[in-house]
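A.B. asks: Those sequence lines, one after another, are chains A and B.
The numbers in the first sequence follow this note's numbering, run straight up by one, and end at 267.
The numbers in the second sequence follow this note's numbering, run straight up by one, and end at 808.
Take the hints with a grain of salt, since some may be wrong.
[As the list claims (entries may be wrong)] Selected chain B positions facing chain A (in silico; Cβ < 10 Å): (1) A677; (2) L694; (3) M774; (4) G783; (5) I784.
[To be verified] With a cut-off of at most 30 Å between alpha-carbon atoms, the simulated DSSO-like pairs for lysine-lysine come out as follows: (6) K117(A) to K487(B); (7) K159(A) to K589(B); (8) K74(A) to K159(A); (9) K660(B) to K589(B).
Read the hints as simulated data drawn from the structure, not as lab findings.
Note that the Cβ used here is the ideal one computed from N, Cα and C, for glycine as well.
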Amino acid sequence: MTILKADKISISFGGLKAVTNFNLDLQARELVGLIGPNGAGKTTVFNLLTGVYQPTEGQISLQSRKEDALKLINNLKPYQITRLGLARTFQNIRLFKDLTVLDNVRIAYHFNVKYRALQAILRLPSYYREEAELEQKALELLRIFKIDHKSQELAKNLPYGEQRKLEIVRALATNPQVLLLDEPAAGMNPQETQELMHLIRFIREKFKLTILLIEHDMNLVMGICQRLIVLDYGQIIAEGTPAEISKNPDVIKAYLGEEVASDA
Amino acid sequence: MKDQIIKILGFGILILAILGALMYFGIIDEYTTNILTQGGIAVIVALSLNLISGFTGQLALGQAGFMAIGAYTTAILVMRLQMPLYFAIPLGGLMTAFFGLLIGFPTLKLRGDYLAIVTLGFGEIIRSLLNNLGELTGGAAGLKGIPQFSEDMLFVSLISFVWVFLVMLVIILMISNLIKSSPGRALLSIREDEIAANSMGINVFYYKMFAFTLAAFVAGIGGGLYAIVFGYLSPKTFEFLKSCEFLIIVVLGGMGSIAGTVATGFILTYLQEFLRFLEDYRLVIYSLLLILMMLFKPAGLVGIIEDIKGWYRKLREGKTVNKGGEIR
Chain A
4 MTILKADKIS ISFGGLKAVT NFNLDLQARE LVGLIGPNGA GKTTVFNLLT GVYQPTEGQI
64 SLQSRKEDAL KLINNLKPYQ ITRLGLARTF QNIRLFKDLT VLDNVRIAYH FNVKYRALQA
124 ILRLPSYYRE EAELEQKALE LLRIFKIDHK SQELAKNLPY GEQRKLEIVR ALATNPQVLL
184 LDEPAAGMNP QETQELMHLI RFIREKFKLT ILLIEHDMNL VMGICQRLIV LDYGQIIAEG
244 TPAEISKNPD VIKAYLGEEV ASDA
Chain B
481 MKDQIIKILG FGILILAILG ALMYFGIIDE YTTNILTQGG IAVIVALSLN LISGFTGQLA
541 LGQAGFMAIG AYTTAILVMR LQMPLYFAIP LGGLMTAFFG LLIGFPTLKL RGDYLAIVTL
601 GFGEIIRSLL NNLGELTGGA AGLKGIPQFS EDMLFVSLIS FVWVFLVMLV IILMISNLIK
661 SSPGRALLSI REDEIAANSM GINVFYYKMF AFTLAAFVAG IGGGLYAIVF GYLSPKTFEF
721 LKSCEFLIIV VLGGMGSIAG TVATGFILTY LQEFLRFLED YRLVIYSLLL ILMMLFKPAG
781 LVGIIEDIKG WYRKLREGKT VNKGGEIR
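Just chain A, same shape as in the assembly (with noise of 0.2 Å):
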């Protein structure tokens, strides 16, 4: 089953085409990465999906979990599409620095909260009840990174990999069916990046997660991909299994240049 679709889209920014003619036809539960080399559109790709951008042409949908039907997202804001189930984390992690751990991902769950500022302000029975509840599901969710121990620290505190994780739970605390992972292992030592792998995979399965990964670190997406699309200059000139796409010759040289290795 189609669970994210995007059909040829495409934006330029003036004269200069990002992404041209971008097709992706995620299946539910899959595990699809995004590669290609610095500068060829994979982020544009993620900021068009998740409504940061709007496609100049071309068309996004996304399964709705309320109708069995795709639901075109291309006009709406990047909030609305978080709310239906389209969560990222970012490259250049964008934590709310200056808020402790656990705040960081008590915001990611505001939209399902009912209670109002009202409520709030006049410190009403459902606001303690959802406060209490809130702050178990948070931390939670903390315990699968290993990083509930340090909820009362700030955000910008937090070592290096760590806070690549808190991007990950704050993600996943939206409640999405699809998770757009940003180069999540960017800076990440071997030792780290396999640890990652293995998180990637238990969440996966424990939040029956479709997942699109950009990465550059090649052990970690042949790993656990099952499928790759390499994106060069904003363009799709392959894509396939990981033992496919180590062996196509565009990809080759699109990553090592004209002269195509003998063996690579």
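With chain A fixed as given, assemble chain B onto it according to the hints.
C.D. replies: Chain B in isolation, oriented as in the chain A frame:
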């Protein structure tokens, strides 16, 4: 969290009782009482600015304009329609909130510093409107003889103070309750990172509007109190420098700190009276204070207090504290 409310209320009422008693027995003279009342009003309006700038991260420079709308609305309702104060002041607040909604709607969709520019212009427009509306606002001469909280000349200062202080307490409670809740955290997330907030399902525009409108309401209440306490209004009171004063209070107290705003509000209002002999040079001192604070302690008064607490802790624990001690 329940005890936080009790703490604020208990502490506030205790202070009110002590100050009230001291005023009643004349140990605090009428002059000082009036300064404290004025300080309370400054705190209320500064808190409203803190809500927009400190908590939501949007710079606004027209708080005096909002205050003016609240003040004039309240005064006109009381004088022309003989409305009781307890209706007129909230209505003044609502009127101000309406104006907040009106100018927030087109501006808050824009990013960056547009809000600062628009609110600055808005404050000036309000002032010149008040100057030129003739009979209704009394023009440049302003409105005189607004009925006060009490007709008893002996106790009017004390009664005014009690009212202002109580309203201030309610507003402190309201804002601190709001901030420690899910909608409050939504505001904070906008200050921290708008794009991330949006991606976390927060309707950024809605919450900016919410903060801005609520802040306008609170500033309007502050204005209404001002009108009743002083019994006299003039457009000159609400000039741009007044807006700056509130900004100075918020920044010196520490952006996003309620306690800081309250303390600085009273301190600066007192300082203003104390430094009256310096006339306009006072502004030089404020500006210097502001620059120094920005350079050395951007966290404001609250930051300084945190530092002192830290030093004190270190002193008390002596040299036994190992470097890892702070980190759990």
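A.B. asks: If a hint holds in the structure, say so; if it doesn't, say that too.
C.D. replies: Going down the list of hints, with the structure as the test:
1. A677: OK, holds: A677(B) within 10 Å of chain A, min 7 Å.
2. L694: holds (8 Å)
3. M774: Check failed: Cβ of M774(B) comes no nearer than 17 Å to chain A, outside 10 Å.
4. G783: violated (12 Å)
5. I784: Interface hint status for I784(B): violated (18 Å vs cutoff 10 Å).
6. K117(A) to K487(B): This hinted pair holds, its Cα atoms lying about 27 Å apart.
7. K159(A) to K589(B): The given pair, whose Cα atoms are some 28 Å apart, holds under the 30 Å limit.
8. K74(A) to K159(A): violated (37 Å)
9. K660(B) to K589(B): holds (26 Å)
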